[in-house]
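Asker: Kindly generate the complete structure, drawing on both the sequences and the hints.
Protein sequence lines, in the order shown, are assigned to chains A, B and C. Taking my numbering, the leading residue of the first sequence gets 1, the next gets one more, and so forth. Taking my numbering, the leading residue of the second sequence gets 1, the next gets one more, and so forth. Taking my numbering, the leading residue of the third sequence gets 1, the next gets one more, and so forth.
To be clear, the hints were calculated from the coordinates, so they are not data collected in a lab. Be aware that one or more of the hints could be misleading.
Claimed, not checked - Think about it this way: if two alpha-carbon atoms lie no more than 30 Å apart in a straight line, the pair counts; the simulated DSS-like pairs of lysine-lysine are:
no.	chain 1	residue 1	chain 2	residue 2
1	C	K104	B	K129
2	C	K107	B	K129
3	C	K63	B	K129
4	B	K129	C	K156
5	A	K79	A	K228
6	C	K107	C	K238
7	A	K273	A	K82
8	B	K171	A	K83
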Amino acid sequence: MKKMLTLLVAIALGAVTPAMAETTLEKIARTGVLTIGARTGSPPFAFVDAQNQWVGFSIDLVEQLILPTLSKKVGKPVKLEKKESTPPTRIPLLASNAVDLIAETMTDTRSRRDSVDFSLTFFVTGAQFLVKKGSPIKGIKSIAGRRVAAQQGSTNARIIREQAPKAQLREFPDQPAAFQALAQGQVDTYTNDGIQLAGLKAKAPNPRGWEIVGDFYSYEPYGMALRKGDADFRGVVNNGLMEGIDSGKFFDIYEKWFGPKGELPYPMSPDIKKFMIYQAVPK
Amino acid sequence: MTYQFDWSVLWTGQSGEWLLQGILTTLGISTLAWLLAAALGTVSGALRTVPFAPLRALATCYVEFFRNVPLLVWMFFWYFAVPPLLPGPLQDWLFNHGAEFWAGMFALGVYHGARFSEMIRSGIQSIPKTQFEAALSTGLTTAQTYRFVIIPIALRLIIPPIANESLNLLKNSSVALTISVTELTFQTRQIETYTARAFEALTAGTVIYLALCLGIATLMTKIERRFALPGMIGRVASAEH
Amino acid sequence: MIEFQSVNKWYGSLHVLRGINLRIEKGEVVVVCGPSGSGKSTLIRCINRLEPIQSGEILIDGKRLSDPSLDLTALRAEIGFVFQQFNLYPHLSAMENIVLAPMKARKISRPEAEEIATRLLERVGIPDKAASYPANLSGGQQQRVAIARALAMQPKIMLFDEPTSALDPEMINEVLEVMSDLAGEGMTMAVVTHEMGFARRVAHRILFMDEGQIIEEGSPQTFFENPSSPRTKQFLSKILSH
Ligand SMILES: Nc1ncnc2c1ncn2[C@@H]1O[C@H](COP(=O)(O)OP(=O)(O)O)[C@@H](O)[C@H]1O
Ligand SMILES: [Mg+2]
Numbered sequence: 001m002k003k004m005l006t007l008l009v010a011i012a013l014g015a016v017t018p019a020m021a022e023t024t025l026e027k028i029a030r031t032g033v034l035t036i037g038a039r040t041g042s043p044p045f046a047f048v049d050a051q052n053q054w055v056g057f058s059i060d061l062v063e064q065l066i067l068p069t070l071s072k073k074v075g076k077p078v079k080l081e082k083k084e085s086t087p088p089t090r091i092p093l094l095a096s097n098a099v100d101l102i103a104e105t106m107t108d109t110r111s112r113r114d115s116v117d118f119s120l121t122f123f124v125t126g127a128q129f130l131v132k133k134g135s136p137i138k139g140i141k142s143i144a145g146r147r148v149a150a151q152q153g154s155t156n157a158r159i160i161r162e163q164a165p166k167a168q169l170r171e172f173p174d175q176p177a178a179f180q181a182l183a184q185g186q187v188d189t190y191t192n193d194g195i196q197l198a199g200l201k202a203k204a205p206n207p208r209g210w211e212i213v214g215d216f217y218s219y220e221p222y223g224m225a226l227r228k229g230d231a232d233f234r235g236v237v238n239n240g241l242m243e244g245i246d247s248g249k250f251f252d253i254y255e256k257w258f259g260p261k262g263e264l265p266y267p268m269s270p271d272i273k274k275f276m277i278y279q280a281v282p283k
Numbered sequence: 001m002t003y004q005f006d007w008s009v010l011w012t013g014q015s016g017e018w019l020l021q022g023i024l025t026t027l028g029i030s031t032l033a034w035l036l037a038a039a040l041g042t043v044s045g046a047l048r049t050v051p052f053a054p055l056r057a058l059a060t061c062y063v064e065f066f067r068n069v070p071l072l073v074w075m076f077f078w079y080f081a082v083p084p085l086l087p088g089p090l091q092d093w094l095f096n097h098g099a100e101f102w103a104g105m106f107a108l109g110v111y112h113g114a115r116f117s118e119m120i121r122s123g124i125q126s127i128p129k130t131q132f133e134a135a136l137s138t139g140l141t142t143a144q145t146y147r148f149v150i151i152p153i154a155l156r157l158i159i160p161p162i163a164n165e166s167l168n169l170l171k172n173s174s175v176a177l178t179i180s181v182t183e184l185t186f187q188t189r190q191i192e193t194y195t196a197r198a199f200e201a202l203t204a205g206t207v208i209y210l211a212l213c214l215g216i217a218t219l220m221t222k223i224e225r226r227f228a229l230p231g232m233i234g235r236v237a238s239a240e241h
Numbered sequence: 001m002i003e004f005q006s007v008n009k010w011y012g013s014l015h016v017l018r019g020i021n022l023r024i025e026k027g028e029v030v031v032v033c034g035p036s037g038s039g040k041s042t043l044i045r046c047i048n049r050l051e052p053i054q055s056g057e058i059l060i061d062g063k064r065l066s067d068p069s070l071d072l073t074a075l076r077a078e079i080g081f082v083f084q085q086f087n088l089y090p091h092l093s094a095m096e097n098i099v100l101a102p103m104k105a106r107k108i109s110r111p112e113a114e115e116i117a118t119r120l121l122e123r124v125g126i127p128d129k130a131a132s133y134p135a136n137l138s139g140g141q142q143q144r145v146a147i148a149r150a151l152a153m154q155p156k157i158m159l160f161d162e163p164t165s166a167l168d169p170e171m172i173n174e175v176l177e178v179m180s181d182l183a184g185e186g187m188t189m190a191v192v193t194h195e196m197g198f199a200r201r202v203a204h205r206i207l208f209m210d211e212g213q214i215i216e217e218g219s220p221q222t223f224f225e226n227p228s229s230p231r232t233k234q235f236l237s238k239i240l241s242h
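Answerer: Right, here's the structure in full:
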């Protein structure tokens, strides 16, 4: 029975894991292509800009820090290919070999580490609430009985369910629908990682009409996800990030997107800067 | 590197409860939407064949309008566009009492009602004109003729395509997760979120949908046998466009 | 009882009834014959307004069919119509076929309607078929149920459009017998048929139609023995030769 189910899944999802397959590095060495999964509407991490280019912080990290290290490792130029991924599809995309690396706003968690591996943390945020200005909601302590929108498949929804069981949780598969529900009053607040809310607020027709409230009620370290057990590839990805941190290029890229003139101003706190630097272990 | 399956995630923790709740929501929304669709489809399908042109035009508008706009758009329409038309307190009450469920139900019902309508129309049109005339000439009114003769015959003729469309309705109910209805697909994703076990969760969803579809198909076959018109079943099997 | 005054009917540009004048008296049995496409069906379908006419007037019991205040449903309830193709309701048993109109149009209670239906089934000779569905009845039996269904409304007029043409030869007589009995009871009847034996025995008057006109009309005796029109003679020689 178990075998049959396994087979069924493999067929259904076209996800036949190559049993004696090559490692990711071997594959990249052969094809000269690194395929990543990224969002298309998650500025400034990954989004389609006004010039119709798919750009963003996490894409720059891959292109400018990881790709050079990877090329050096496999001994030939490596091309970057991008595929759209979303929270519900990212793990299946990875597991089915459709993509090699998820460069998304994906929080590194222990339970996710059961099925995928993560790179170093490249961004730190925490969950907060987006409300209409003047709302009585001030944070996770004041949402009992309120209608709270969250993103399906996010860690936030889970925390709300556990820590504020009296809140009426409504989970939406994408951010625009959740924001629409907030704008129209279907829900009283929308909770997501602070940085996501900041992006949403900046893009809203009337940014001043909205407020981001509450302390971080979760710790959301973003990492890039890889297939489990692919230590060599993970090493290359992490080396790329560490070299970027060492050389300062990582912080330049951060400044480009989150600096005062960036897509979404969100200065890096001294604590977090220190944390980033400590992640880069000595050569 | 081979993916290690762990099926126990489907019954440990809250998974079982979530799946059960998902099944109940999916069945609930589908059943109500089906009833709405059947009522709308029967009435509008019948109206599309009546001699009185304005009624025909009205029914045609309904069908073309609802059938040709994607279901997802209807979900958003009923969830986002309709409530603002209601008075404030009622809106708030609705939002606290499963507005998303009712919006999803209406969207599914009117969308599939339009599709049912087409089948019923072709079912009615496959009934010879003299069948109407026979009923009319016994002194039944046009409405009575439809109600007691034409529609009962048409419904029996179109059981197979209706069965098919009912399965589509069940499957389409998963679109309601876009407006936060916690139906079966939503719950399988939920399990995936909590356990990071995408394949197991998706498989559970697939197997449950399969079981529900098989159940409905069996039920429909029973209904078809029970109400069969000897020698007439399957005549309009190609009614679906 | 039935009166046509210069009735004209077109299907598009096809002139199917050309200036028809006709009176059928109460209790009269009129047989209409003529070649195919001559307008016989159209003629009798106009009587209960299954077909509209474009000019002239039809009166039933002195009531004008063109009168906008006419209660068409009530009028149809008084006129039984029997079709060539029976047109029983396939999803209902013989009994249900018969009681439907009395219950819905006349608001008669079910027991009462069933009593009437049982009597009628006896009268048409199939008392044991009440529970049968149309698909399980022979053509002759179906047509007799159709006659019983029409009679259940206690009509003043019965119209028949080739009631035996779709039947196997061995079943024709069982239907004609029922019709003869009905005529014997004084029912006003208009019958389109090619059963010349029936016409000779039962009809009070025979009409011969061709190209939308009534060419010849007379008692069975004059019609068969001394027709005046050459077209009638030609038609009779063809139809009686076999
Ligand atoms: N619904 C209709 N539309 C157009 N033409 C018709 C229609 N019904 C009958 N006709 C034509 O009218 C003529 C008379 O038909 P009908 O009254 O059925 O003749 P009959 O019963 O004598 O065979 C025929 O030429 C027939 O083709
Ligand atoms: Mg005819």
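Asker: Does each hint fit the structure? Answer for all of them.
Answerer: Structure-based check of all given hints:
1. K104(C) - K129(B): holds (21 Å)
2. K107(C) - K129(B): holds (26 Å)
3. K63(C) - K129(B): It holds: about 27 Å lies between the C-alpha atoms, which stays within 30 Å.
4. K129(B) - K156(C): holds (25 Å)
5. K79(A) - K228(A): holds (23 Å)
6. K107(C) - K238(C): Violated: K107(C) and K238(C) sit about 48 Å apart, past 30 Å.
7. K273(A) - K82(A): holds (28 Å)
8. K171(B) - K83(A): holds (27 Å)
The structure fails to meet hint 6 from the earlier list, while all remaining hints are met.
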